[in-house]
Amino acid sequence: MAVPGRSSLAGTTAAVATGITANLIWGLAFLVPVLLSAFDPVVITLGRYVSYGILSLLILAVTRTRLRGLGRDVWLMAVLFAFTGNVGYYFFVVQGVALVGAPVVTVIIGTLPVTVALYGNWRQKEFPFGRLALPIALIAAGLILVNLTEAGWSATGDRSPVAQLAGAGCALLALLMWTWYGVANAAFLKTHPEMSSGRWSTLIGVVTLVMALLASPLLLLGASASPAPGTGGAGDSVAWLIAGSLILGIMVSWVGTLLWNRASHQLPVSVSGQLIVFETISGLTYVFLAERRLPPPVEVVGIAVVIIGVLIGIRRSMRQAVREPVGHLNDGKDR
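Under numbering that gives the first Met the number 0, the sequence shown has 137 at position 138, and the numbering climbs by one with no breaks.
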């Protein structure tokens, strides 16, 4: 005889594991640019999206998946998600870094797990906000310690106040875009059960390819595809650039998005939003390992606080899973 709540608890556990795995893969997006530091980040990112798009086209050809027959709303959401989650998001991040500097942008974007969790819960009304208060507070505190330490808060140089304000605005816009994307994408998948995670990831990849190619002249303005002068080593060859682009396009974009879509099918958005912290943590860990250095003690404390906050949030979601089936929480309707 089945124990009440056991199947829903197992489903939540599997979905959490899938979401964490997706973010561990997304963490490679931190490492690859470090290994390819001789190349302009815009060039690396275009290589990522082109690889993602070409792989998606190949998958469509091999599986003979037809894109005809998809409703206008599906195509519209694919375009919106490709822009807010990929090309447009990165464009505003790059502009923010150029205008105000990486430290400010890092701290603003670093609040993403909190904004997704809060906005997702506000939109879906999945949990009482009081139940999220402690885990969100711990995650926010840990992220502050991690981001402030990692960013270093170097001076903004000779940038004018107008440029700094515009840069902060670009970073805030990028934060809002991905926050909306993370929540809207989960809601879309739950209201379109006929759209499998793999098919949706592939469709987004095709749209992203078209968008990246159309936006490439603008993105490449001022960027250089050649290694920076005086940067010797294996990481400055075109072969390494291609390899890095393939890793980013295949693993980070397609596989990572596939796993994230699967987790989004099962988890409350307020819970999946908290899991995004593992992207930052894994990315920093990969960089520390590659550079053979230890993180500052304050950053270690920050990471520990973040993990504690996430574990508390997951534990509380597990208790909810015992009381109600996962799918009942995530039927995509407001309550």
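Just so you know, the hints here were simulated from the structure itself, not pulled from any lab data. Here the structure is a predicted model, which is why all the values come from computation and not from measurement. Every residue gets a Cβ at the ideal spot worked out from N, C-alpha and C, and that includes glycine. Don't take every hint at face value.
[To be verified] Each pair of labels, with its calculated beta carbon distance range: (1) Val209 with Ala140: 36 to 46 Å; (2) Asp72 with Ala136: 17 to 27 Å; (3) Ala289 with Pro192: 17 to 27 Å; (4) Val61 with Pro296: 25 to 35 Å; (5) Thr12 with Ser195: 20 to 30 Å; (6) Ala303 with Ala13: 45 to 55 Å; (7) His191 with Glu290: 38 to 48 Å; (8) Ala162 with Val33: 21 to 31 Å; (9) Ala303 with Thr12: 18 to 28 Å; (10) Gly129 with Val209: 21 to 31 Å; (11) Leu213 with Met250: 18 to 28 Å; (12) Leu57 with Val237: 18 to 28 Å; (13) Leu164 with Arg314: 17 to 27 Å.
Quick rundown of the hints versus the structure:
no.	hint	in the structure
1	Val209 with Ala140: 36 to 46 Å	41 Å, holds
2	Asp72 with Ala136: 17 to 27 Å	37 Å, violated
3	Ala289 with Pro192: 17 to 27 Å	41 Å, violated
4	Val61 with Pro296: 25 to 35 Å	50 Å, violated
5	Thr12 with Ser195: 20 to 30 Å	22 Å, holds
6	Ala303 with Ala13: 45 to 55 Å	26 Å, violated
7	His191 with Glu290: 38 to 48 Å	43 Å, holds
8	Ala162 with Val33: 21 to 31 Å	26 Å, holds
9	Ala303 with Thr12: 18 to 28 Å	22 Å, holds
10	Gly129 with Val209: 21 to 31 Å	45 Å, violated
11	Leu213 with Met250: 18 to 28 Å	25 Å, holds
12	Leu57 with Val237: 18 to 28 Å	22 Å, holds
13	Leu164 with Arg314: 17 to 27 Å	41 Å, violated
The structure is inconsistent with the numbered hints 2, 3, 4, 6, 10 and 13, although it conforms to all the rest.
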